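All chains should be built: construct the whole structure from the sequences, respecting the hints.
Protein chains: 2
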Amino acid sequence: MGGKDVKVVSFWPSPFAIRAEWALKLKGVEYEYIEEDVFNKSTLLLELNPVHKKVPVLVHNNKPIAESFVILEYIDEVWNHYPLLPQHPYHRAHARFWANFAEQKLMESAWVATCTREDVQENAMKAAREIMEKIEEEIKGKKYFGGENIGYLDIVLGWISYWIPVWEEVGLRQIIDPLKYPAISAWMINFVSNPLIKDTLPPRDKLLAYFHSLKQASSSFYQANFKI
Amino acid sequence: MGGKDVKVVSFWPSPFAIRAEWALKLKGVEYEYIEEDVFNKSTLLLELNPVHKKVPVLVHNNKPIAESFVILEYIDEVWNHYPLLPQHPYHRAHARFWANFAEQKLMESAWVATCTREDVQENAMKAAREIMEKIEEEIKGKKYFGGENIGYLDIVLGWISYWIPVWEEVGLRQIIDPLKYPAISAWMINFVSNPLIKDTLPPRDKLLAYFHSLKQASSSFYQANFKI
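Those protein sequences? They're chains A and B, same order as listed. According to full-length UniProt numbering, the first sequence is numbered sequentially starting from 1. According to full-length UniProt numbering, the second sequence is numbered sequentially starting from 1.
Be aware that a few hints might be false.
For lysine-lysine, the following DSSO-like pairs were computed, each having C-alpha atoms within a straight-line distance of at most 30 Å [stated by the list, open to error]:
1) B/Lys53 x A/Lys126
2) B/Lys140 x A/Lys63
3) A/Lys63 x B/Lys142
4) A/Lys215 x A/Lys126
5) B/Lys63 x A/Lys134
6) A/Lys105 x B/Lys7
Which stretches of chain A does chain B cover? Using the computed rule of at least three CB atoms under 8 Å from a CB of chain B, they are [unchecked claim]:
7) 71–83
8) 142–153
Quick caveat, the hints were computed from the structure, so don't treat them as lab data. Please read all numbers here as calculations on a predicted model, not as lab measurements. Ideal placement from N, C-alpha and C gives every residue a C-beta, glycine not left out.
This is the structure:
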């Protein structure tokens, strides 16, 4: 399925862009990967996503779809075997609610808490841990947020399992203490161990080097160019 | 349909909360309206939406669903006659994309541009008008964003048609010049003239008085307590 009529315009260290790939991999949809240089944006990207000018963009039958959440819903609707969202409307609402909740605050808090100036780190760390506490309650007793299989919320939160440990190492500050968040910690291992997920992850050394250099640059640059 | 098993916990001047009512009205679902005092939050609200503690909350068969976008998707899935989202996945993605786009920036820009301190108004006005230009292109040639009928994107953007003119009057600053945005202006009239929409709108005088008093209070208070 898929093949040349499915393309993903991405940027390798982006925790947003990889969601499109994860969804396609889980669905067994073949796609062409197109690397975008977000520091020197291509005319292709500007044509495909003139409003936000950001990755990811999914191109299906020459039609572009931007924004990772919108892309995930689209993929789940077009290739509707192996559903990502639960089937029951209430459970779908529940997954969307937690996805939005984490998206609104967690990534920014986690980045600021680990990799920005000390004067703003404390509040961000507090915020990140408060969110983690809520997510810990959500995942308790389950292998994945989606139950026995990786689902929509796992894909949305998946970056936690691979990006946060990198940021913790770059900033020498810990957000996720396994003793305090045992359920999240177990889920993180389950998630990155899944062969389909593992297969798409950028090399850890390369990611460490990238975020080390990003930490050196101003955090405002990150906000303007990297957050999608 | 609906009846006592459908409740909407709302706050009458909220441009977010009314979306749930609009969707239910368009679907012909009866519901019980429960007014919440957001300045003195009820234990009911804290129980129903412990994470955000904000309206709207839809309660269906005693199960709470929070956040207006999540509620709209839920309503569209549960009562699936008169669909709000388009049927084709690409058109659904398109509607969701524009909904997210406007939500991220327009309401805040419009409020700041009209009703806050002069030193921050100019940038906000510029941002609000840039967004309006994009929305103008989207609605051009159509009666509603949903085509011939009110759909998901009309509901999400519906506040523009009634709240922005009130804010313009409160702040004595114009965002939507009908000569510059003729298509949006025509849509605004179409939208508020629809009997089902009209029926749910709060009285204009009361809304004017409310936002006059809110303008007097600090804008930070608005951000903390009203934005959902």
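Comparing the hints with the structure gives:
Annotation: proposed proximity of B/Lys53 to A/Lys126 holds, straight-line Cα distance about 19 Å (limit 30 Å). Proposed proximity of B/Lys140 and A/Lys63 is supported: the alpha carbons are some 21 Å apart, at most 30 Å. As the CA atoms of A/Lys63 and B/Lys142 are separated by approximately 21 Å, the hinted pair is consistent with the 30 Å bound. With a C-alpha separation of about 20 Å, the suggested pair A/Lys215 and A/Lys126 falls inside the 30 Å cut-off, and the hint holds.
Distance hint between B/Lys63 and A/Lys134 is fulfilled; the C-alpha atoms sit about 19 Å from each other, no more than 30 Å. At most 30 Å may separate the alpha-carbon atoms for a hinted pair to count; A/Lys105 and B/Lys7 meet this at roughly 29 Å. For the region 71–83 of chain A, the stated coverage by chain B is satisfied: 5 residues place a CB nearer than 8 Å to a CB of that chain, which reaches the threshold of 3. Check result for the region 142–153 of chain A against chain B: violated, 0 residues qualifying (beta carbon to beta carbon below 8 Å, three or more required).
Comparing the model with each numbered hint stated earlier shows that hint 8 is the single one that does not hold.
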